[in-house]
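Model the full structure from these sequences, guided by the hints.
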Amino acid sequence: MKPKQCNGKVLSNIKILDNIYEMKLTGDFQGNPGQFYMLRSWDKEPFLSRPLSICNIEGNLLTFLYEVKGKGTDIFSKLREGNVLNLLGPLGTGFPLNNEGKIGVVAGGIGIAPMIYLCKSLKNDIDFYGGFREKPFYMDTIGKNVNKLYISTDSGKEGYNGFITDIFNPEEYSVVYTCGPMPMMSKVKNICEEKNVPLYISMEKRMACGVGACLGCSIKTTSGIRRVCKDGPVFRGEEIIFHD
Amino acid sequence: MKPKQCNGKVLSNIKILDNIYEMKLTGDFQGNPGQFYMLRSWDKEPFLSRPLSICNIEGNLLTFLYEVKGKGTDIFSKLREGNVLNLLGPLGTGFPLNNEGKIGVVAGGIGIAPMIYLCKSLKNDIDFYGGFREKPFYMDTIGKNVNKLYISTDSGKEGYNGFITDIFNPEEYSVVYTCGPMPMMSKVKNICEEKNVPLYISMEKRMACGVGACLGCSIKTTSGIRRVCKDGPVFRGEEIIFHD
Amino acid sequence: MTSVEMFGIKFKNPVITASGTFTRDYEDFFPLSKLGGICTKGLTLNEKEGNSGVRIHETTGGLLNSIGLQNPGVDRYISKELPHMEKYDTVIIANVGGSTMEEYVRTVEKLNNTNIHIIELNISCPNVKEGGMAFGIKSDIAFKVVSEVKKVCKKPLIVKLSPNAENILDMAYKCCEAGADGLSLVNTFSGMAIDIKNRKPVFDNTIAGLSGPCIKPIALRMVYEVSRIVNVPIIGIGGIVDYKDALEYIMAGALAVQVGSGNFMKPDICLDIINGIEEFMEKENIKSLEEIRGIARRY
Amino acid sequence: MTSVEMFGIKFKNPVITASGTFTRDYEDFFPLSKLGGICTKGLTLNEKEGNSGVRIHETTGGLLNSIGLQNPGVDRYISKELPHMEKYDTVIIANVGGSTMEEYVRTVEKLNNTNIHIIELNISCPNVKEGGMAFGIKSDIAFKVVSEVKKVCKKPLIVKLSPNAENILDMAYKCCEAGADGLSLVNTFSGMAIDIKNRKPVFDNTIAGLSGPCIKPIALRMVYEVSRIVNVPIIGIGGIVDYKDALEYIMAGALAVQVGSGNFMKPDICLDIINGIEEFMEKENIKSLEEIRGIARRY
Ligand SMILES: Cc1cc2nc3c(=O)[nH]c(=O)nc-3n(C[C@H](O)[C@H](O)[C@H](O)COP(=O)(O)OP(=O)(O)OC[C@H]3O[C@@H](n4cnc5c(N)ncnc54)[C@H](O)[C@@H]3O)c2cc1C
Ligand SMILES: Cc1cc2nc3c(=O)[nH]c(=O)nc-3n(C[C@H](O)[C@H](O)[C@H](O)COP(=O)(O)OP(=O)(O)OC[C@H]3O[C@@H](n4cnc5c(N)ncnc54)[C@H](O)[C@@H]3O)c2cc1C
Ligand SMILES: Cc1cc2nc3c(=O)[nH]c(=O)nc-3n(C[C@H](O)[C@H](O)[C@H](O)COP(=O)(O)O)c2cc1C
Ligand SMILES: Cc1cc2nc3c(=O)[nH]c(=O)nc-3n(C[C@H](O)[C@H](O)[C@H](O)COP(=O)(O)O)c2cc1C
Ligand code: FES
Ligand code: FES
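Read top to bottom, the protein sequences are chains U, B, R and X. Those letters in the first sequence? Residues 1 to 244, per my numbering, in order. Those letters in the second sequence? Residues 1 to 244, per my numbering, in order. Those letters in the third sequence? Residues 1 to 299, per my numbering, in order. Those letters in the fourth sequence? Residues 1 to 299, per my numbering, in order.
Rather than coming from a laboratory, the hints here were simulated on the basis of the structure. Quick reminder that beta carbons are idealized off the backbone N, C-alpha and C, glycines included. Keep in mind that a hint or two might mislead.
[Said to hold, decoys possible] Straight-line alpha carbon distances no greater than 30 Å define the calculated DSS-like cross-link-like pairs of lysine-lysine that follow: (1) R:Lys-200 / U:Lys-44; (2) R:Lys-200 / R:Lys-150; (3) X:Lys-200 / R:Lys-10; (4) U:Lys-9 / B:Lys-102; (5) R:Lys-200 / R:Lys-155; (6) X:Lys-12 / X:Lys-80; (7) B:Lys-71 / X:Lys-80; (8) U:Lys-69 / B:Lys-15; (9) U:Lys-2 / X:Lys-87; (10) B:Lys-78 / X:Lys-283.
[Said to hold, decoys possible] Sample of chain R residues at the chain B side, in silico, Cβ under 8 Å: (11) Lys-10; (12) Thr-23; (13) Phe-29; (14) Leu-32; (15) Gly-50; (16) Val-241; (17) Met-265.
What follows is the structure, given as structure tokens:
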């Protein structure tokens with residue numbers, strides 16, 4: 001799928017929880033789970049576009065799930081129905097969808113965003129592990145083929161009180177996919193390696209171009225220096241080097 | 001009247017003609033004819049606020065009449081009902097309102113903006129001379145005490161075909177007020193000086209602070225270097241030196 | 001909590017308004033005594049009318065200015081303006097401009113007998129054609145002018161550095177050697193703009209001074225580098241528009257900061273910055289700015 | 001109409017993509033043959049992994065980068081990447097980086113035997129710790145490296161100047177004396193940022209390179225000044241994001257321009273700039289860019 005420049009028109013942009021928002025755009029979109037778009041709804045300031053993962057695509061509807069972190073996401077959160085954004089995408093290399101057997105998905109916080117689309121696109125049986133700080137969110141959207149749903153919260157308000165990796169056991173799965181905070185993903189990697197279960201990790205790094213040109217998002221992997229925006233964001237677990 | 005920072009909420013923002021807009025704000029406003037506000041409806045970019053003259057104040061309603069010239073006024077033109085602007089004002093020294101006798105007002109193009117409020121505030125009989133490029137606009141708002149209304153257009157589409165200064169004769173007036181393009185005001189000054197009629201000129205210069213601190217708006221006058229934003233924008237005719 | 005001290009002079013907080021960007025005209029918007037300090041417009045021996053033509057041109061993230069040191073001259077400033085400034089309970093810094101060595105010396109001599117707390121020597125104004133610029137560019141020339149001024153100066157002497165200096169480290173070092181009690185940096189960057197419609201430079205003077213958030217990364221780098229090699233107090237200047245910017249300068253090694261163009265965005269921006277610093281200190285449990293001053297230099 | 005010529009090489013238009021900001025990856029978004037030229041990422045003799053840690057940090061009106069010359073090395077570039085680049089009907093400029101005189105010379109020698117049209121010598125990358133920087137700062141050192149490279153270089157040689165040069169005029173002059181066939185300016189400005197939460201510099205390397213619209217007024221001033229004193233073609237670089245910016249550089253004396261960070265805003269921004277220049281020329285009845293090149297220098 002060749003990426004392209006396109007416009008998206010805000011259909012809805014609603015607060016899900018605290019500073020978590022769901023934005024639905026109408027337009028002509030495509031993309032696979034794990035791919036992302038570079039977005040901007042401004043002219044020259046801020047200077048750079050912001051990468052957001054595809055959280056869902058249905059027909060001409062593209063959904064993003066995002067957390068307000070700084071300037072750019074704050075501007076996004078203020079968009080209203082009818083506002084128009086510039087998009088560039090779909091970008092990057094997503095999750096492989098051709099695995100057999102039962103699949104484990106481990107997501108932390110806003111890291112659930114790409115996993116929603118992933119769960120909807122996979123034909124396999126899925127166990128979903130979602131780790132949250134205060135309260136789980138958006139879990140009603142993960143799709144029908146999710147078998148078991150494990151939830152943890154740091155607060156203990158819902159589900160297991162602690163880290164999701166405490167209750168994650170990869171032994172039943174033919175493959176595991178993960179996206180979330182680095183410490184979580186690092187732990188998932190260790191657990192999967194111990195049990196010899198193949199793992200795919202979705203990485204995050206600050207981006208300028210998003211298309212593979214600037215080398216701003218390079219990371220050192222076991223297979224050399226790779227660009228998160230083009231060679232990733234999804235990498236095989238054994239490629240990723242975490243510095244804990 | 002001490003200037004202050006305040007907010008204005010857009011009540012309406014409508015296109016009057018081509019790139020001429022009228023914006024009405026609600027808030028707590030004050031000010032005299034010839035005074036202006038520094039406006040911004042953005043965070044850091046563009047960096048500077050934009051000066052606009054008070055076109056009218058009625059109760060809690062402040063009207064601006066503006067022409068879209070560049071970045072800032074373009075952003076203004078896109079504001080919608082309910083949007084909020086930051087204002088600083090009222091700033092500067094306006095027109096003296098305590099003159100006796102019949103008054104002549106000569107305005108060119110968007111230079112009519114402060115003259116609307118002026119005409120509404122004066123108690124005197126007023127003759128209004130309005131020069132326009134293509135078509136006159138906003139002339140229905142100049143108020144009831146305008147005696148005669150002279151219109152000229154460069155296009156010849158309405159009124160006298162030519163410059164307003166061709167048909168302006170100051171002899172009947174005890175004082176003349178003018179605002180508009182420099183060449184027009186320079187001509188008005190010559191005409192008034194010839195006939196020995198006192199003149200007040202509203203000047204324009206790029207501003208940074210708007211409050212008298214940066215000296216960015218200084219002009220050389222017969223009474224020394226003066227700041228358009230604080231000592232003006234209204235100056236006595238004999239002070240102004242035009243470089244034709 | 002936010003207070004800092006320089007030359008035995010106490011500043012309520014580290015936020016000072018920068019020369020040429022702030023006057024009493026701002027008192028309509030907030031009590032000026034809340035400021036750490038106020039720095040005057042560049043004063044010269046004689047009155048200056050400043051430059052002709054356009055004086056302000058907005059750029060992305062800042063502005064170019066070509067004011068040209070317009071000021072009433074030091075005598076009139078002392079007699080007419082200073083009495084008003086003295087009413088405020090804040091530190092007053094006199095910024096001194098000039099185009100010859102002698103002019104600097106004589107202007108400073110006049111300020112010796114006033115209640116001004118500190119003198120800031122502007123050896124770097126890019127907007128005066130006759131000269132002045134070279135002082136800020138070549139460190140040997142700067143050394144001479146600072147030495148001469150130091151001989152007569154009875155107030156603490158801060159030298160304000162130009163980012164256009166050929167070698168900012170050498171410049172800083174030489175100014176200190178010549179007797180500077182403190183350094184402030186940076187002044188505006190030499191820049192220009194062209195009016196493509198009229199096919200000529202926007203400014204009558206062609207070159208103007210760039211300031212605002214656009215210059216912050218460069219200015220911060222200079223403060224960081226200079227603060228590693230000198231032992232005098234440093235005032236960080238350049239593109240500060242919020243408390244985070246101010247804290248970056250402090251962590252880079254600045255004792256205080258000056259806010260210039262930011263005042264044009266919001267007349268009481270300095271208050272926001274002061275409050276922001278205070279809140280940050282509370283949240284991070286910082287008792288004195290000394291705890292974080294220059295902390296980023298460890299790396 | 002928009003075409004320009006340098007060293008007998010014809011450029012369809014004066015818009016070239018700047019080194020390190022543009023690769024074939026952009027061909028998804030527009031036909032690259034529309035470009036005046038493409039400049040490669042800085043090539044070094046051996047492969048370079050680039051810098052660790054954060055590599056990109058957004059600032060007001062631009063960004064800081066600390067890529068650290070990541071590249072596959074000149075040999076692999078020539079064998080693996082160049083064949084793809086040659087498909088495009090546009091001028092290819094090889095940007096050469098290095099940290100020793102010998103490295104520059106040997107890299108250039110390898111490029112001599114390729115179809116690359118022009119070599120751009122980057123004597124100014126601020127992101128390599130071992131050195132390289134001094135070449136771009138001291139004009140005497142630049143003179144040496146340019147002289148050595150010139151001796152072996154069989155392609156037209158453009159020297160890319162650093163805005164961090166102590167004296168940009170002297171630098172330009174010396175590079176021309178040493179044999180530069182053309183000059184391009186500017187590279188990124190040395191800048192930095194501090195992470196106040198973690199109280200340390202954002203970049204592992206502390207210093208990074210500033211680019212984008214924020215630097216335009218300074219870069220434009222340098223192009224203007226340099227173009228007044230040298231006779232070789234000049235490529236203007238720094239903060240160009242629309243056709244008006246490009247025309248400012250041309251009116252300041254540039255023969256062509258390079259667009260860097262602007263590509264990150266909009267992948268086909270160069271097309272917009274090319275079209276904008278064309279429309280401007282039509283509207284203003286300009287037959288050739290020569291008519292307006294350097295026109296603002298009259299003042
Ligand atoms: C491939 C990819 C997919 C992503 N998908 C999502 C998603 O679906 N939902 C979501 O909420 N977030 C997602 N993120 C993170 C999101 O891009 C950042 O939170 C966002 O860019 C922050 O921008 P800001 O302007 O709010 O913050 P600021 O701090 O003002 O941003 C400053 C700069 O840093 C960059 N930046 C800051 N934080 C991050 C970060 N964590 N990762 C990458 N760049 C960062 C910004 O892009 C910008 O260039 C994704 C990141 C990547 C790389
Ligand atoms: C005291 C005063 C009162 C004014 N009142 C009105 C009014 O009531 N209605 C109206 O339409 N216009 C008025 N103007 C002019 C108006 O301020 C400018 O047209 C406007 O600032 C242009 O901004 P921009 O961002 O659209 O253009 P840009 O060209 O993008 O602006 C760039 C910079 O130049 C400044 N600038 C550009 N043109 C002018 C100008 N003609 N005068 C002053 N600064 C300028 C801008 O403020 C800004 O700082 C007034 C100007 C002054 C000084
Ligand atoms: C309009 C204007 C006038 C200035 N006048 C002076 C001056 O007279 N003397 C001086 O030393 N610096 C002067 N400066 C420089 C500022 O004091 C400050 O060093 C510079 O603007 C950088 O800070 P900023 O980015 O916060 O504006 C002036 C700056 C501006 C914008
Ligand atoms: C991410 C990035 C990487 C760069 N890499 C190089 C490089 O390898 N060699 C070089 O000479 N310049 C490099 N530059 C500098 C640009 O070519 C250009 O000179 C500079 O960015 C200023 O132009 P701009 O403001 O249009 O970006 C790089 C710039 C950026 C932003
Ligand atoms: S963001 Fe530019 S290469 Fe990945
Ligand atoms: S705009 Fe600053 S003094 Fe008038």
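Hints versus structure:
| no. | hint | verdict |
| --- | --- | --- |
| 1 | R:Lys-200 / U:Lys-44 | 25 Å, holds |
| 2 | R:Lys-200 / R:Lys-150 | 42 Å, violated |
| 3 | X:Lys-200 / R:Lys-10 | 28 Å, holds |
| 4 | U:Lys-9 / B:Lys-102 | 56 Å, violated |
| 5 | R:Lys-200 / R:Lys-155 | 44 Å, violated |
| 6 | X:Lys-12 / X:Lys-80 | 26 Å, holds |
| 7 | B:Lys-71 / X:Lys-80 | 45 Å, violated |
| 8 | U:Lys-69 / B:Lys-15 | 37 Å, violated |
| 9 | U:Lys-2 / X:Lys-87 | 20 Å, holds |
| 10 | B:Lys-78 / X:Lys-283 | 28 Å, holds |
| 11 | Lys-10 | 26 Å, violated |
| 12 | Thr-23 | 4 Å, holds |
| 13 | Phe-29 | 6 Å, holds |
| 14 | Leu-32 | 12 Å, violated |
| 15 | Gly-50 | 6 Å, holds |
| 16 | Val-241 | 7 Å, holds |
| 17 | Met-265 | 7 Å, holds |
Checked against the numbered hints given earlier, this structure breaks hints 2, 4, 5, 7, 8, 11, 14; the rest are met.
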